[in-house]
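Q: Sequence order for the protein chains is A and B.
Residue numbers for the first sequence follow the numbering used here, beginning at 1 and rising by one.
Residue numbers for the second sequence follow the numbering used here, beginning at 1 and rising by one.
Worth flagging that the hints you see were computed from the coordinates, not collected in a lab.
There's no promise every hint is true.
DSS-like cross-link-like pairs, simulated, lysine-lysine; straight-line CA separation at most 25 Å [unchecked claim]: (1) B/K133 with A/K278; (2) A/K301 with A/K278; (3) A/K323 with A/K301; (4) A/K431 with B/K135; (5) B/K135 with A/K222; (6) A/K94 with A/K136; (7) A/K301 with A/K344; (8) A/K332 with B/K135; (9) A/K26 with A/K172; (10) B/K135 with A/K325; (11) A/K264 with A/K323; (12) A/K325 with A/K264; (13) A/K212 with A/K431; (14) A/K136 with A/K104; (15) A/K212 with A/K278.
Predicted model only: the values in this text are computed from it and were never measured.
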Amino acid sequence: MKILFKIFIASMLLVSLQAHAVLDIKITQGVEQALPIAIVPFGWSQAGSVAPIDLTTIIADDLRRSGRFDVMDEQDLPQRPSDYDAINFSDWRKLGMENVLIGKLNLTDSGDYDVSFRLVDIYRGKQIAGFRIPAKPDLLRRVAHQISDILFEKLTGIPGAFDTRVAYITVKKNKDHTVHSLQVADADGYNAQILLESPEPLLSPSWSPDGKKIAYVSFEGKNSAIYVQEILSGQRQRVSAFEGINSSPDWSPDGSRLAMTLSKDGNTEIYVMNLNDKSLQRLTRHGGIDTEPSWSPNGQKLAFTSDRSGGPQIYEINVAGGKPKRISFEGKYNARPEYSPDGKSITLVHAVAGSYRIGILNLTNGFINVLTDARLDESPSFAPNSGMIIYATTGVRGGQLAAVSTDGRIHQRLGLQQGDVREPAWGPFLK
Amino acid sequence: MSIRLFLILCLAGLLFGCSKEVKEEEPVVVEDLSSNAPNVNVNDDSGAQAYGTDDSSTSGFSQLDDPQSALSIRIIYFEYNSSEISSEYRTTIEAHSAYLSQNPTTSITLEGHADERGSREYNLALGENRAQKVKQQMLLLGASSSQIRLVSYGEERPAIDGHDESSWQQNRRVEILY
Chain A
1 MKILFKIFIA SMLLVSLQAH AVLDIKITQG VEQALPIAIV PFGWSQAGSV APIDLTTIIA
61 DDLRRSGRFD VMDEQDLPQR PSDYDAINFS DWRKLGMENV LIGKLNLTDS GDYDVSFRLV
121 DIYRGKQIAG FRIPAKPDLL RRVAHQISDI LFEKLTGIPG AFDTRVAYIT VKKNKDHTVH
181 SLQVADADGY NAQILLESPE PLLSPSWSPD GKKIAYVSFE GKNSAIYVQE ILSGQRQRVS
241 AFEGINSSPD WSPDGSRLAM TLSKDGNTEI YVMNLNDKSL QRLTRHGGID TEPSWSPNGQ
301 KLAFTSDRSG GPQIYEINVA GGKPKRISFE GKYNARPEYS PDGKSITLVH AVAGSYRIGI
361 LNLTNGFINV LTDARLDESP SFAPNSGMII YATTGVRGGQ LAAVSTDGRI HQRLGLQQGD
421 VREPAWGPFL K
Chain B
1 MSIRLFLILC LAGLLFGCSK EVKEEEPVVV EDLSSNAPNV NVNDDSGAQA YGTDDSSTSG
61 FSQLDDPQSA LSIRIIYFEY NSSEISSEYR TTIEAHSAYL SQNPTTSITL EGHADERGSR
121 EYNLALGENR AQKVKQQMLL LGASSSQIRL VSYGEERPAI DGHDESSWQQ NRRVEILY
């Protein structure tokens, strides 16, 4: 038994140390006017030894994957400066290249690193952003994503969401048993870590606002139950295991409460649980299905799915109590609401002529914009910059993840090498 | 005598008549006319219980194992997005309810399921609705609540992995598990 335990832990470490992405992400549709940018391979302070990380490729991949950038091929670079003074502006002007990133990775005396970089506007002939970021060895990948975030915001005006993580569920069907696992990975698909493996279904991962915990639904006790697990330590607590359904956990913005769906009082209703003392506040009282609560960013309302009008539609209710108000009026099936972090819209599953697609409901005018066009899309989740929505889709290769920009112009596919992947949840900005 | 009084008397008579028929303790008698009919316990006033020669306590063969019995049907299917039980399952549900009421120490689990379309959590609730509807019918037909456990798996445990109507139709179900 001890040996099995060791093997299990060892295999978990192996998964998190793999050098390739577990989730393979491809851009399938980018914007027409992509911004050109050249990323010069970063210098490395220890000539004669190999750099511990290829920051340049991580940044280039981030920007390419965003669909908003046209990143120059490395072979077309006219020169490779690491210092500002070494930049030959006319070389770049000749190629019509407006934005150039140069940088350096330094090994410091203490054995840690620092990364310095400059974003240069070739036409204006000057630096428009420059930073030096200190980093411990295991945080170098995050530094690359932080650089991508800075570039992205500088050049598009939108905050980047590259230094973030996503949670998702995988299902592998072996000959005689199925393995469900809850995993988290970097937003670029690297550093996947298994948080939980189970022979029974797992559902509905939900990030705490501080990014340190995940709530989820597990059937390991032969019925649905809600667990809260700390990501770093793996410690977890079962917070709801009443008779009937225990599902759909969603954290309040201050992290102190969990909205959830419970059917212990006869049928599915929306409840709010105080995580300190596990006390429950019941919010809905209706014989139909009421489920999938989503907390508004200002902490005052919950959106949820209810079929009280005949078929599933989206409703809003004040957390302080009161009557639910219907907010979706287009189509016969609207479910699974999630507020955008900026509070302006709600993404949802919207059925159109028998196809289930991802839509976005504008909270100002009530219109639903349909963003995807496959048949079986579900589980949408906003990036913390409100710019992208990750979701699950089913195609010929089984369950995959995909992402779409909120204006619908950019599409990405995220695939797993083996097995189905589903139920993505985009984590908050990392601190 | 006014019409109103007459109607009230009729109503009282109906109610009185009805209340006599609905007594929870009395088992519902299910008459199966096929020649391979499993045992049916018929309560007569003496309280004696008659058994046929293929009774489980003598031969080890249980009603539950009889492939000809209505009890051998353990799956009830549903229409899309609905938890209404089609009348074609009435005999099946009656048979299971009768069995449960005759065997008070037996218990079952009703597992509710849904097809994969749409939202997962909504489908969890839909699966539960379906199982609840079946339980309600069983309670009306003589089973007691403590004998029936409910669980919903939503779309998480499909019977068939396909992505077309013939697969979906087989996944919209309640399974009766002894």
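Q: A/K26 and A/K172: Cα distance at most 25 Å?
A: holds (22 Å)
Q: Take a quick look at whether B/K135 and A/K325 sit within 25 Å of each other, Cα to Cα.
A: violated (32 Å)
Q: When you check the alpha-carbon spacing of B/K133 and A/K278, does it fall within 25 Å?
A: violated (31 Å)
Q: Compare the distance between the alpha carbons of A/K212 and A/K431 with 25 Å, and conclude whether the hinted pair is satisfied.
A: holds (10 Å)
Q: So if I understand the rule, the pair passes when the alpha-carbon distance is 25 Å or less; does B/K135 with A/K222 pass?
A: Within the cut-off at roughly 19 Å; holds.
Q: With the threshold set at 25 Å, check whether the alpha-carbon distance from A/K301 to A/K278 stays at or below it.
A: holds (20 Å)
Q: Is the hinted pair A/K212 and A/K278 satisfied, with a Cα-Cα distance of at most 25 Å?
A: Given pair A/K212, A/K278 holds - Cα atoms ~20 Å apart, limit 25 Å.
Q: Given the hint that A/K136 pairs with A/K104, test it: the Cα-Cα distance must not exceed 25 Å.
A: holds (15 Å)
Q: Is A/K264 within 25 Å of A/K323, Cα to Cα?
A: Given that 25 Å is the threshold and the Cα spacing comes to 21 Å, the pair holds.
Q: Can the restraint linking A/K94 and A/K136 be considered satisfied, given a maximum Cα separation of 25 Å?
A: Not OK: A/K94 and A/K136 at ~39 Å, beyond 25 Å, violated.
Q: Under the criterion that the straight-line Cα-Cα distance not exceed 25 Å, is the pair A/K431, B/K135 satisfied?
A: violated (50 Å)
Q: Are the Cα positions of A/K325 and A/K264 separated by 25 Å at most?
A: Given pair A/K325, A/K264 holds - Cα atoms ~24 Å apart, limit 25 Å.
Violated hints for the displayed structure, listed by number in ascending order: 1, 4, 6, 8 and 10.
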